[in-house]
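S.K.: Line order of the protein sequences matches chains F, C, D and U. With the first letter of the first sequence counted as 1, position 278 gets the number 278 in the numbering used here; the numbers rise by one all the way through. With the first letter of the second sequence counted as 1, position 135 gets the number 135 in the numbering used here; the numbers rise by one all the way through. With the first letter of the third sequence counted as 1, position 190 gets the number 190 in the numbering used here; the numbers rise by one all the way through. With the first letter of the fourth sequence counted as 1, position 263 gets the number 263 in the numbering used here; the numbers rise by one all the way through.
Treat the hints as calculated values from the structure; they're not laboratory data. These numbers come from a predicted model, not from an experiment. Keep in mind that the hints are not guaranteed to be accurate.
The list cannot tell twin chains apart, which means a pair is met if one copy fits it or any two copies do.
Here are the simulated SDA-like cross-link-like pairs (lysine to any residue), alpha carbons at most 20 Å apart as the crow flies [stated by the list, open to error]:
#1 228 <-> 82
#2 228 <-> 2
#3 109 <-> 163
#4 228 <-> 70
Number of protein chains: 4
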Amino acid sequence: MSALDNTLLEDILRQARPLIGQGKVANYIPALADVPAERLGIAVCTLDGTVYQAGDAEERFSIQSISKVLSLTLAMTRYHESELWQRVGKEPSGQPFNSLLQLELEQGKPRNPFINAGALVVCDMLETRLTAPRQRMLEVVRSLTQQPEINYDRHVARSEFDHSARNAAIAWLMKSFGNFANDVPKVLQTYFHYCSMTMSCVELARCFLYLANHGRSLGQEAAVLTPKQTRQINALMVTSGMYDGAGEFAWRVGMPGKSGVGGGIIAVVPGEMSIAVWSPELDGSGNSLAGTAALELLAERIGRSIF
Amino acid sequence: MSALDNTLLEDILRQARPLIGQGKVANYIPALADVPAERLGIAVCTLDGTVYQAGDAEERFSIQSISKVLSLTLAMTRYHESELWQRVGKEPSGQPFNSLLQLELEQGKPRNPFINAGALVVCDMLETRLTAPRQRMLEVVRSLTQQPEINYDRHVARSEFDHSARNAAIAWLMKSFGNFANDVPKVLQTYFHYCSMTMSCVELARCFLYLANHGRSLGQEAAVLTPKQTRQINALMVTSGMYDGAGEFAWRVGMPGKSGVGGGIIAVVPGEMSIAVWSPELDGSGNSLAGTAALELLAERIGRSIF
Amino acid sequence: MSALDNTLLEDILRQARPLIGQGKVANYIPALADVPAERLGIAVCTLDGTVYQAGDAEERFSIQSISKVLSLTLAMTRYHESELWQRVGKEPSGQPFNSLLQLELEQGKPRNPFINAGALVVCDMLETRLTAPRQRMLEVVRSLTQQPEINYDRHVARSEFDHSARNAAIAWLMKSFGNFANDVPKVLQTYFHYCSMTMSCVELARCFLYLANHGRSLGQEAAVLTPKQTRQINALMVTSGMYDGAGEFAWRVGMPGKSGVGGGIIAVVPGEMSIAVWSPELDGSGNSLAGTAALELLAERIGRSIF
Amino acid sequence: MSALDNTLLEDILRQARPLIGQGKVANYIPALADVPAERLGIAVCTLDGTVYQAGDAEERFSIQSISKVLSLTLAMTRYHESELWQRVGKEPSGQPFNSLLQLELEQGKPRNPFINAGALVVCDMLETRLTAPRQRMLEVVRSLTQQPEINYDRHVARSEFDHSARNAAIAWLMKSFGNFANDVPKVLQTYFHYCSMTMSCVELARCFLYLANHGRSLGQEAAVLTPKQTRQINALMVTSGMYDGAGEFAWRVGMPGKSGVGGGIIAVVPGEMSIAVWSPELDGSGNSLAGTAALELLAERIGRSIF
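Build out the structure end to end from the sequences listed, making use of the hints.
M.R.: Okay, here's the thing in structure tokens:
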């Protein structure tokens, strides 16, 4: 087993880099399609706040669906457990990430908060209880990362909104089943802003340390979540965090994780560390191809797995 | 946090017992419907072989789908990884446990080895490579438990075979896609015999200790599986071990587990202990209702979770 | 066989009336739920313009999906065959009338122009080519019926728009597949206005005489459609005109027909007559229960069937 | 409009022949794949028994699913209407011809008797009421055609049985829902024998004259079906006789018809004539490509359509 340090991370990136070229950069909006495919970064943050990093770990990218963990975290602090989970489930979908099929069969209740439908319901709930949900999210993330300049990429958010037909269909379908309270375009705007946040691997590792640290972030008095809530989110990430590739990811990497189509993945070793990787090319399930490989290598080299 | 001992287990059963009456005993075959609903047992086996137990922990019951972990284990020792996983997937199904819908859409490749379709493919593979797959399974289980009298319940096996129309449909559908090599009734017979094995909680806890112990069972020279294979099975149990309730189980219990419609559940704390519970009444997803509650209580009381 | 006259029609209504009470008035919008369930009317128009009638044949009601035949007729006069049918199919759906399931599996191309999705595409096409699609439809219907005061029920149209979540979902889903060109709310408005048109059985029978008369309406110089186009619409009505009850309707009635959830049905005996019936209570497929029975009785009594 | 005679039929075949090469001969069993693609025949039988023909109208071929009309006819003479239609529906499937998806969603009741599932249920019902269902079918067909040497092609029947996995899956699925009474392999054998019958266009046209003639066949005292039953079968053929291409066939040809993957199609003009065409290459829906075109040309040339 290897010690965790920058050299190890560099070594891991060296091993993962040859995979670049075998995946596909997300291209459903131009803003994402333009990201250079050869970017590759990794950062690890341990419980004491030490950060190890390698490659393009300080370059910001679009966190996309990684934001679904943040919106769920926010909702868990504003809603009672029973309110939240009557509107969204906790089970893996067994379907591509934006299918309407299942949503219709299951009467407008999304399977979990990490598929688009589920995250839209969560945003709808935030819209109801927060006066300024976009501003509030920025405050949370800036506080978790101690980086006051983290922001939305309004160009990406607008571009997503311009290509939002399928997400609009999902939201309207939920509305038809009575599971969507607010104005559809308004919630879509919030949702796409959350997706458009740009953060680096270093910032993401710091941001999600609370998931490795029983709900506590660095240098903050108040806990973000209770230890139990933290375990719950980690459980949900293992079963549903990687679109339709959660089983494969658990099998290979053995950590709770959440990916975004921007090529980022965050993962945690509970009680030890949070990790962020970035490589824009995706595999068939929509998860970063080289990023997953880097996490698998890291898990092997440091001998960590929740299993 | 409480120390693990018989008193703790008895206390947990006392708390879980009031749930009896809120679930439903499986009744698709008469032999299962006749099991007394008030049975409740638990057993824990730690890495050194110590067994703690409470309630009806020594009464044998039909292990049903828990056998799917054993058939997969056997297949992993007889097939190369690439051979095995080209015929069955690793992803949660997001569907009730014996649906043909998904199997047809996905061209006859079952989502994972813990749904009926997947376990049937695994049995088909064992049929190909083992000369006496039923006898071989008994040898494996007798060796793992050190109980030479563990056996099939031929009455249950026959009864299942007499009600096997849906499983036959599943097998024939896979055959139509070229993913089933042997005679359908022959493989069904093997499959139902595996399901009909009767074991007690104490025997199950001992049997599955290898999943908590890096692949090694008690008092056996040779490892059952490699440490990596063991982690892989545990990963698969978390994402797919509880039919369409895997997400909820991970959320509440936080351990890899596998259930059977006989009301048994096995679970492991990797590196520490294996656990078996039994209560015949099932929840809406087909998992033991009081059994799940007992595992949740145990996890809380001893402060264990993989998350 | 009986001669066609008012007495026959009255006799038929007498036989059909006892069915009232066994169906259900559509209640998804209040404006429809309020229609008195005991209304029952029938009108027949022969090629020479003679009208026979009985019961509430002159009371206007919401024609709802019967308007889908009119929007298709209009589209067939404004689009070349190949343009039209590349955006909508000609096959029965085998599904309830507003399912998204099939639409997603078939990449946003609706099965036929008589399900909601298909009619929405047709309205989208009319929006593209007509400067005032709502006004134009009124002109067409007023001309076909010679009743200049036929109009939309703006109360019903508004009420439908207020409950349009599912149709919005359908339109957005088609947009996500590139099969919807115009602004969704604008097209929905047009669509709901068409549905909200109020006409009586007598007016409907006159209106649809062109389908019995090789495309020609009464007292108009120019044909509405060519004889071939007329046969095509009749064919489409037989295979897809009655939601998921087209097979049963063909079996029992043996005429091309189209129903609406307002309880109206129009039908034709090609080369002989057009028929309209009205009874607000619907059967399980969404077709007028007593209305279907009246048509079946009429077909038997006058010995007419296309089969 | 042209007069119906052999010259007209030859002219039609000349026009349709260039389509040969654009379809695909069924190849799921070797016996069908070997049929020469360039075969093309047509025969028409008028109510007085006159037969017109052109091309390969006297060469026998495998009638395949055309036999589903015969097994339904036979069942309608042995079962009361209510018994028959509680086990099989009357609606188009909106699905490829051998899908299990819909059958599972609809609890094992096939949509109509012309898809495989429905025909299997019909054969299961014949198995229950007939002592020798294969022999009885031959007697019926020999009597209808006055050709005592019509027979099964046992080579084809055996080949189908050897490739019957999907049909076995369908039958077992229905059995799991309680909608299949007899031994699955036994019923499959009967079903495949029916499919394997070999007949020529001339024989088919004669055989199905009863569908054009109010249920009466040539030179037989007793009617095959009542006039009402005859209309019912014709209705069912229009809505469900052409797999997932019934809408298109009604649109283009305008006659009740039933196709088989051997490349044959039978069609009727009620009250006038029965028609059979043969061309082995199929279109995307599984219907004879040139055969459909020939029927469309015939309908145009003689000016016949039920619409």
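S.K.: For each hint, tell me whether it holds in the structure or not.
M.R.: Now for the hints, and whether the structure bears them out:
{"no.": "1", "hint": "228 <-> 82", "in the structure": "within (15 Å within a copy, 38 Å between copies)"}
{"no.": "2", "hint": "228 <-> 2", "in the structure": "between (31 Å within a copy, 17 Å between copies)"}
{"no.": "3", "hint": "109 <-> 163", "in the structure": "between (23 Å within a copy, 19 Å between copies)"}
{"no.": "4", "hint": "228 <-> 70", "in the structure": "within (17 Å within a copy, 32 Å between copies)"}
No hint from the list above goes unmet by this structure.
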